[in-house]
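Add chain B to chain A, keeping to what the hints say.
Residue numbers (numbering that gives the first Met the number 0), protein chains in the order written: chain A, 0 to 242; chain B, 0 to 314.
In case anyone wonders, no lab produced these hints; they're calculated from the structure.
Treat the hints loosely; a few may be bogus.
If you want a taste of the chain B side facing chain A, the calculated C-beta under 7 angstroms gives, among others [claimed, not checked]:
1. 114
2. 235
3. 236
4. 295
5. 296
6. 298
Pairs of lysine to any residue residues, derived as SDA-like cross-links and limited to a Cα-Cα distance of at most 25 angstroms, are as follows [unchecked claim]:
7. A:147 / B:296
8. A:147 / B:51
9. A:151 / A:133
10. B:83 / B:175
11. A:151 / A:113
12. A:147 / B:83
13. A:70 / B:104
14. B:83 / B:205
15. A:147 / B:295
Chain B regions said to be covered by chain A (calculated; three or more residues, Cβ under 8 angstroms) [said to hold, decoys possible]:
16. 201–212
17. 237–243
18. 254–268
The beta-carbon is built from N, C-alpha and C at its ideal position, and this holds for glycine as well.
Listed below, chain by chain, are the residues.
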Amino acid sequence: MIRAFVVALLFTMCAAGARAQALVADLSSHLIAITTGFSGTELLLFGATEGEGDVVVIVRGPDGDTTVRRKSRVAGIWINRDELRFSGAPSFYRLAASRPLADFLPNALRQRHQIGVDFLRIQPTRQLNSEETAAFRAGMIRNKETLKLYDKEVGRVSFLGNRLFRTRILFPANVPTGNYTVEVLLVRDGQVIAAQTTPMFVSKVGVGADIYDFAHDYAALYGIIAILFAVGAGWGAGVVFRK
Amino acid sequence: MALVPVYLPMAETAIDGLLLVSIGSGVGLLSGLFGVGGGFLITPLLIFLGVPPAVAAATGANTVIASSASGALAHWRRGTLDVKMGLLLLAGGLAGSAASVKLFGILAAMGQIDLVVSLSYVLLLGSVGAMMFAESVRGFLPGARKAITPPAARVPLGANLPWKTAFPRSGVETSVLAPIMLGFLVGVLTGLMGVGGGFLLVPAMIYLLAMPTTTVVGTSLFQILFVSANVTFLQAWSHQTVDVVLASLLVVGGVVAAPYGAKLGARLGAARLRVLLAMLVLGVAIGLGVGLVRQPADLYSIRIDVDAATKGETP
Numbered sequence: 000m001i002r003a004f005v006v007a008l009l010f011t012m013c014a015a016g017a018r019a020q021a022l023v024a025d026l027s028s029h030l031i032a033i034t035t036g037f038s039g040t041e042l043l044l045f046g047a048t049e050g051e052g053d054v055v056v057i058v059r060g061p062d063g064d065t066t067v068r069r070k071s072r073v074a075g076i077w078i079n080r081d082e083l084r085f086s087g088a089p090s091f092y093r094l095a096a097s098r099p100l101a102d103f104l105p106n107a108l109r110q111r112h113q114i115g116v117d118f119l120r121i122q123p124t125r126q127l128n129s130e131e132t133a134a135f136r137a138g139m140i141r142n143k144e145t146l147k148l149y150d151k152e153v154g155r156v157s158f159l160g161n162r163l164f165r166t167r168i169l170f171p172a173n174v175p176t177g178n179y180t181v182e183v184l185l186v187r188d189g190q191v192i193a194a195q196t197t198p199m200f201v202s203k204v205g206v207g208a209d210i211y212d213f214a215h216d217y218a219a220l221y222g223i224i225a226i227l228f229a230v231g232a233g234w235g236a237g238v239v240f241r242k
Numbered sequence: 000m001a002l003v004p005v006y007l008p009m010a011e012t013a014i015d016g017l018l019l020v021s022i023g024s025g026v027g028l029l030s031g032l033f034g035v036g037g038g039f040l041i042t043p044l045l046i047f048l049g050v051p052p053a054v055a056a057a058t059g060a061n062t063v064i065a066s067s068a069s070g071a072l073a074h075w076r077r078g079t080l081d082v083k084m085g086l087l088l089l090a091g092g093l094a095g096s097a098a099s100v101k102l103f104g105i106l107a108a109m110g111q112i113d114l115v116v117s118l119s120y121v122l123l124l125g126s127v128g129a130m131m132f133a134e135s136v137r138g139f140l141p142g143a144r145k146a147i148t149p150p151a152a153r154v155p156l157g158a159n160l161p162w163k164t165a166f167p168r169s170g171v172e173t174s175v176l177a178p179i180m181l182g183f184l185v186g187v188l189t190g191l192m193g194v195g196g197g198f199l200l201v202p203a204m205i206y207l208l209a210m211p212t213t214t215v216v217g218t219s220l221f222q223i224l225f226v227s228a229n230v231t232f233l234q235a236w237s238h239q240t241v242d243v244v245l246a247s248l249l250v251v252g253g254v255v256a257a258p259y260g261a262k263l264g265a266r267l268g269a270a271r272l273r274v275l276l277a278m279l280v281l282g283v284a285i286g287l288g289v290g291l292v293r294q295p296a297d298l299y300s301i302r303i304d305v306d307a308a309t310k311g312e313t314p
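Looking at chain A on its own, in the form it has when it is part of the complex:
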């Protein structure tokens, strides 16, 4: 992987030099394969910039709807009472930058490019007063952080010299499957002067994927097999241990 990285890096440098692009970046892999032994993984994002500037990396998983529920106390017991549904929330979100965001990013820019969980464009499907909406929104982000789907911490993009940069992106075991985008921005003087979006895929492969597909495509047969397996295990054990 290291050799591949060096080769790729040299290649991107040459490409950058030849076409004088302001920004070139790539990932160590565009596919995260969830195999039976999968317990999370790490990808390396690397690239080169032309001239001065700060680099911001935004990783987004497929958007989806999220229902947020709030518990209140009813007769001494905590019960889900109110709910609010949001649409357009990414299922996964990570951010990395070469400097603290406040030092070089005006809020207008963060708004436009959805940089940081607080700037995600997430729409409630129902109108509540703004205080309530904000509370539900914060509740959703907090829960997604607990599940490691979002991260408030901003990862570090480190520069090697003036032009080459790299950052590591961590994906936990429960990383949602689907189509991801990795957006790299070059920011200079409060302006995005170059941007590049790279697709990435998270997909189940091997036995796990086969089981998942089978369970959905042949649900009835899957149920019968699950039963037969359990009966067989119980019966087999009964026979073995009777002796």
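Chain B only, in chain A's frame:
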């Protein structure tokens, strides 16, 4: 962190495989010791480990099949299984479990499934545990022999309902409606809680149907086997929540450990076993009860629906 992480395809997360096998053996040991399926321990433990509640309940039902299959078979051979009673319980149980799988989907969509599952656990385990505890403590008190009346002396539930029939193997006479209704109730619980319901069915058969203890365990295992198979099928079919990888790890641990539990149980004796089981059942009920009453760390919870069109497709 995890020693042997295993990715569970339906639960969509990774959990240490060794830990799952150990949980399976721990519960298997207890089920061999007490003659219960152990579903009432597996489901809460899986939820605690981060398995989604729907997957935990459905997979719990799947593991209960294995433990009840070997037990039912043994009782069938020994002739301590009342097939007539078992079939009537089963008729109610199949209807009850089918209804509860539907109910599960509705409650999950309403966001109330966790509450209903916890409440059912607390109420049922609490009352059954308390009854068992009181009964067995009374058995230990000096001169309390009279407190334990032979169950067969009592009048079975439903004795004055229509369609009375005799159950020669158990030596009781009651309406066919009594076991059907009882089976229905236990079937509903099986679907909702992923439990076999043995902890509920066994006392109910002794105290409500006045069956002798000899046929109770075998007959309850018979009913549990088919009802949990029905739940497994329906959950797999309509919600895709049965995780065979998770189930097999738990079952492997369980079937190996269960016979050792049975041996240990024989050495401990019935009276002591009843107290221990009562304390275990009460402990789980109290633990879950505290969780309901105590203010949760975060009042907000989420449910994520990822758009099916963008999910899991590789180019």
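Evaluation of the provided hints:
no. : hint          : result
1   : 114           : holds (6 angstroms)
2   : 235           : holds (3 angstroms)
3   : 236           : holds (5 angstroms)
4   : 295           : holds (6 angstroms)
5   : 296           : violated (9 angstroms)
6   : 298           : holds (5 angstroms)
7   : A:147 / B:296 : holds (17 angstroms)
8   : A:147 / B:51  : holds (15 angstroms)
9   : A:151 / A:133 : holds (17 angstroms)
10  : B:83 / B:175  : holds (10 angstroms)
11  : A:151 / A:113 : holds (14 angstroms)
12  : A:147 / B:83  : violated (53 angstroms)
13  : A:70 / B:104  : holds (20 angstroms)
14  : B:83 / B:205  : holds (16 angstroms)
15  : A:147 / B:295 : holds (19 angstroms)
16  : 201–212       : violated (count 0)
17  : 237–243       : holds (count 4)
18  : 254–268       : holds (count 4)
In summary, the structure is inconsistent with hints 5, 12, 16 from the numbered list given earlier, while agreeing with the others.
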